[in-house]
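Colleague: Residues per chain are reported as follows:
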Amino acid sequence: MTTRRPRRIGRGDAERMLRGAPVEAGAGPDHLADLLAAAAAPARDGELDGEEAAVAAFRVAPLAPVTQPRREPMSKLLLAKLLTVKVAATALGAVAVGGVAVAASTGGLPLTGGRGDAAVSSTATPSVEVTAPSLPTPSAGAHVSAQLFGLCHAYTAAADAGAALASPGMSALVTAAGGRDQVGGFCAKVLAAQAGATVTPGLAGGADGGTAGAGVDASAGPAGVGKRGLGLGVGASAGPGGAGLGVGVGSGAGVGTHAGPTGAGLSGQVPGAGVAATASPGGLGSGVATSTASPGAAGLSVAVSAGASPPAHR
Amino acid sequence: MPASSAEELDLRAAVVQAQGGDELAFRLIYRMIHPGLLRYLRVLVGDDADDVASEAWLQVTRDLATFRGDFDAFRGWTATIARHRALDHLRRRTRRRGESMPVEMVLTEVAAPDDTAGGALESISTEAALRLIAALPVDQAEAVLLRVVLGLDAKTAGRVLGKRAGAVRVAAHRGLRRLAEQLGECGTTEAVRPEAGEYGRRPDPQR
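Each protein sequence line maps, in turn, to chains A and B. At position 298 of the first sequence the residue is numbered 285 (our numbering), and the sequence of numbers has no breaks. Our numbering runs 126 ahead of the 1-based position in the second sequence.
I should point out that these hints are in silico values taken from the structure, not numbers from a laboratory. Positions of the beta carbon are idealized from the N, C-alpha and C atoms, including for glycine. Where hints are given, some of them may not hold.
As the list claims (entries may be wrong) - Cβ pair distances, simulated, as ranges: (1) LYS281/B to ARG46/A: 52 to 60 Å; (2) ALA179/A to GLU149/B: 21 to 29 Å; (3) GLY292/B to ARG46/A: 38 to 46 Å; (4) ASP32/A to GLU149/B: 21 to 29 Å; (5) ARG6/A to VAL142/B: 36 to 44 Å; (6) ASP196/B to PRO49/A: 15 to 23 Å; (7) GLY7/A to ASP136/B: 16 to 24 Å; (8) VAL42/A to ASP214/B: 21 to 29 Å; (9) PRO49/A to SER180/B: 15 to 23 Å; (10) SER251/B to GLY7/A: 43 to 51 Å; (11) SER251/B to ARG46/A: 29 to 37 Å; (12) ASP17/A to ALA139/B: 32 to 40 Å; (13) GLY195/B to ASP32/A: 26 to 34 Å.
What the hints assert, rightly or not - Below, a list of computed lysine to aspartate or glutamate pairs in the EDC-like style, where the Cα atoms sit at most 20 Å apart: (14) LYS281/B to GLU39/A; (15) LYS281/B to ASP174/B; (16) LYS289/B to ASP198/B; (17) LYS289/B to ASP279/B; (18) LYS281/B to ASP214/B; (19) LYS289/B to ASP168/A.
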């Protein structure tokens, strides 16, 4: 039993008690030490009830900046694999995506949709340009392409082809085909090309069959998206046994996808920043990378970074 | 609740991992910090401690990525956030009541002591201990809680309170003496009531 009249606590004792260190026997009042220990006792029932709510908030909270690796060990493992695959994938992708990839990496998408000439660079089949009605048309060329596309549909669907061509609305098609008798063949070509084309709303689309497999490229000029000179490109290319899909925004940000030999990947290429993900054979990686595009780097510089390693690529 | 250096290293790593999105690391941190934080808040805002703690954790998770420092600094950082949320809460509540009571008085009122000291001799429950601490002048109560319950050193506690380390040390020491005095007197049920005795001469506890 300790004395009821506590000794006055010295500074040293007080400091020790505040640190939670045991106080020398008799140096301080036991009850006070007990009290402090009780106040600092381990969590009791109910004191951790808020954990799930806090964790839920944690899950949606922003992560540390990309310089803080999110899952470092995994990203390191993947990186080596990815770098190998990346080269193959981008090489394949470069063939199929052609001008788009090059443009993206040189820092300014050539706004292929707008010009209507570069959407598909390495293709033997006629390219088909389609512009979504909701967006401003980059140029008359793309617009006509879209129109022709529809007109060809109308033409082939018409019961009486001859009468259909007589309508004033068809004049553009007749002109493009080079004469009434050419329309049939022209539309057959156009519609055949459509089979390989994926038309993304709001984007100009081009289709081609590359040697690397099947590929679809789509790109829109600056006028196509927004009105601030922002270019947007979508490119997809398939490697042997794989498939890919990519989106690239010119001069601002870009995302591109290339398929490796047996996997699928996504890679971003932007002068400023990009989102990149690439699949290694059997694996999948994703990350954010900042890339500086240099004109000479072309499509092969597509940024691939695993996890969140700092801008180490090209 | 001082941590050994190895533990401290682990906890520091846990903070970094949590910043990278590691949920288990975050849970570890939460379990290390929350009980003390909640007790601190209970003394500051009474029954609303759970709500205020939730607000504090919301802010902690939101700003987690921006934190830099070791685990002690992290404790201090979370305590600062919790304290700010508590003071906001008290201001809101005071305004709602249409009172112009200073925060410090509200604190004292909320944390009004009751006669828990009487049963404190045998085995002091955490609850009773907190009530006794809550009965201290608020600057002493905060200093004791930050140091003993949240495990902060004087410097970090000073940063939380916006005071110098020396001022926190003095407040904490006074708080301990006062607690010891009350415990020594706790044969009487009046033990917890502040008296105009030795401690009546104490300077104004607020700054």
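Colleague: Confirm or reject each hint.
Modeller: For each hint, the structure was consulted:
no., hint, in the structure
1, LYS281/B to ARG46/A: 52 to 60 Å, "violated (33 Å)"
2, ALA179/A to GLU149/B: 21 to 29 Å, "violated (52 Å)"
3, GLY292/B to ARG46/A: 38 to 46 Å, "holds (42 Å)"
4, ASP32/A to GLU149/B: 21 to 29 Å, "holds (23 Å)"
5, ARG6/A to VAL142/B: 36 to 44 Å, "violated (26 Å)"
6, ASP196/B to PRO49/A: 15 to 23 Å, "holds (22 Å)"
7, GLY7/A to ASP136/B: 16 to 24 Å, "holds (19 Å)"
8, VAL42/A to ASP214/B: 21 to 29 Å, "holds (24 Å)"
9, PRO49/A to SER180/B: 15 to 23 Å, "holds (19 Å)"
10, SER251/B to GLY7/A: 43 to 51 Å, "violated (18 Å)"
11, SER251/B to ARG46/A: 29 to 37 Å, "holds (35 Å)"
12, ASP17/A to ALA139/B: 32 to 40 Å, "holds (37 Å)"
13, GLY195/B to ASP32/A: 26 to 34 Å, "holds (32 Å)"
14, LYS281/B to GLU39/A, "violated (32 Å)"
15, LYS281/B to ASP174/B, "violated (28 Å)"
16, LYS289/B to ASP198/B, "holds (17 Å)"
17, LYS289/B to ASP279/B, "holds (13 Å)"
18, LYS281/B to ASP214/B, "violated (24 Å)"
19, LYS289/B to ASP168/A, "violated (92 Å)"
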